[in-house]
Every structure is written in structure tokens, then in C-alpha cells.
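Take the sequences, apply the hints, and build the full model.
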Amino acid sequence: MNPQTNELWFTYVTPFQVLLANADSGTLGLSINRGGDFILERLVAVSTGTFKTQIGDGGISLNFTSDLVDSRLMFGTAQLWMPVIPAYRFPANGSIAYRVVDLSGAGNTIQLGFIGRIVGIGTAQPQASTGHPKSQSASAPPPGGFVSADAALAAFHHR
Amino acid sequence: MNSWLANRRDTRRRVVDTSSFPFLGRFFGQVVVFNLAALDTEDQQFRPRGQFNIWGFTAQSTGLFAVEIKISGFKGKRFNRAMVSGNTAGTAQRPFFLPEVLTAEPDDDVVISAVDLSAAANTVNFLVLGALNG
Numbered sequence: 432m433n434p435q436t437n438e439l440w441f442t443y444v445t446p447f448q449v450l451l452a453n454a455d456s457g458t459l460g461l462s463i464n465r466g467g468d469f470i471l472e473r474l475v476a477v478s479t480g481t482f483k484t485q486i487g488d489g490g491i492s493l494n495f496t497s498d499l500v501d502s503r504l505m506f507g508t509a510q511l512w513m514p515v516i517p518a519y520r521f522p523a524n525g526s527i528a529y530r531v532v533d534l535s536g537a538g539n540t541i542q543l544g545f546i547g548r549i550v551g552i553g554t555a556q557p558q559a560s561t562g563h564p565k566s567q568s569a570s571a572p573p574p575g576g577f578v579s580a581d582a583a584l585a586a587f588h589h590r
Numbered sequence: 627m628n629s630w631l632a633n634r635r636d637t638r639r640r641v642v643d644t645s646s647f648p649f650l651g652r653f654f655g656q657v658v659v660f661n662l663a664a665l666d667t668e669d670q671q672f673r674p675r676g677q678f679n680i681w682g683f684t685a686q687s688t689g690l691f692a693v694e695i696k697i698s699g700f701k702g703k704r705f706n707r708a709m710v711s712g713n714t715a716g717t718a719q720r721p722f723f724l725p726e727v728l729t730a731e732p733d734d735d736v737v738i739s740a741v742d743l744s745a746a747a748n749t750v751n752f753l754v755l756g757a758l759n760g
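Protein chains in written order, with the working numbering: chain R, 432 to 590; chain F, 627 to 760.
Don't read these hints as lab results, they were simulated from the structure. We treat Cβ as the ideally placed atom computed from N, Cα and C, and that holds for glycine.
Example chain F residues on the side facing chain R (calculated, C-beta under 7 Å, incomplete): (1) Gln656; (2) Trp681; (3) Thr717.
Following this line, the structure appears as C-alpha cells:
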């Protein structure tokens, strides 16, 4: 953990979802339970076949896409990750909602990775050091709100 | 905003300084799906539920296609003609970042025109990525 910013680089990982051909997992949740808000910056996934997916904030039933989307448009890999711009802030004790639907027509084993930072660990009013004027001026950012993704985008360009 | 504009004018910079990038809103992706017949042209449009600051595109298709993007509230064109998809949209691994944020106001329609170039049936998944403010 960075003691100056009280931030911890962290990845929330789904269990391996084993889908039958054309199966739909339904909406599943991944709890944000590591003692602070989670700022989602990167999306990665691995699978044995193509799939459709939709993710969102389970705490407020907010989807990040208008519909299910082909995984190749939404999830990258460790080397070439998909940036989340602006980065999204999940409140502590919230959840990441996700749904996967097989497109391959065969059995499909899928794992999603949500890479980002846990902020405000052990503090009553977590505060991200994003550099964004809005987040700097806000004394307590609202849970589930947006934050700037400047660092994520800069890192994306430099990877 | 000022440093963003300044950086845009400095074409020597290879990496854009996004420290003042006007990303207002929350991460959102609008899914647009085309089922094109051979050499067919199809328009799809959507109206964002608020101000939509678009920063990039990803796409995946079963064949080659060309695409053009228009915003109804903006009279000027962004393309003089449709451009092949490989030069307009990336993938999740390398999204296509727009040179500047494209803003669709709440009353605007975002129109995506796709043209099949494969001379066969073509299913196109197009994802418009941005920040939805509203």
C-alpha cells in the first residue's frame, strides 16, 4: 500500500465461470469488501471461447453498456488491457455486477479481471488522489460516482 | 481544457497530456449491432440519456466494413466518406482513441453508418465508448 495516498493496487477477479454452449450465467456479483472504495481502471479477461458480457455497479443496478457486448470489444489482456475512462468508483461494500453469455456454441471457461485501486483504506471518508478538479474540490465523493482516469490513460499510452 | 487544446495543436507530441481532459460523466459504452447484407449500407442511431463525451470506438465483425460517425447537432462532418473499419475502430486490446472528445448533447442523435465491403453477409458489433453525464 502507498502510505502517502492510502491506495492499494488491487484486482478483483471472478471465479472461473464454466458455461455450457450458448449458456447465460445471469447477473452475478463480486463484492467490494477490502476495506475501501475501489476505483476500476482496467478490464481484462481470459476465456476458452468468445462470449458476450455486460458489467456494471451492482449496488445501484447501473450497467456500463447499453446491452450485452462482445467480449472482444470490452475486455483486453494483461499486455493490452482495456482502459476504463473515466475510471469508475465502486463504494466499499458495494459490488461489481457481471453477466457472461457464451457465443462459441461450445463449453466456455471464463475469468474476468477488474484491475484498479482501493482507496481510503481504514478511513471514514475515502478520498481518491485523482488529480481531477472535481475530485479535488469534493470533500467526500459520492459512492458510485465517477473519477478522472488521467493516470489510467497516461499508463495506457506508456504501456 | 487549455492545456488539452494546446497539446492538440502541438503535433510533435506523441503522447497526449490528458491532465485536463474534459471527461465529464461516467464510463459508458453504447452497443450498436449491424446485420449487413452484401455491400449493404445501414444507419443506426441512438440518443444518449444525457451529455455523452465520446472518446473512442471498438468494433468486431465477420467481414470488412467501412463506417462513418455523425452527430446530429454538429453540422460539420467528421468524415468526408466512410473509412474502413480497421482505421476507425480498434478492439478492447487497442481501442481507437479519438483525436479529441466528441460531445453529443442530450438532444443529439449519434448516427453510425456502416457499409459492407466483404460482398457477403456481415455482422458488425460496434461499441461507442465515452463518458455519460446525466
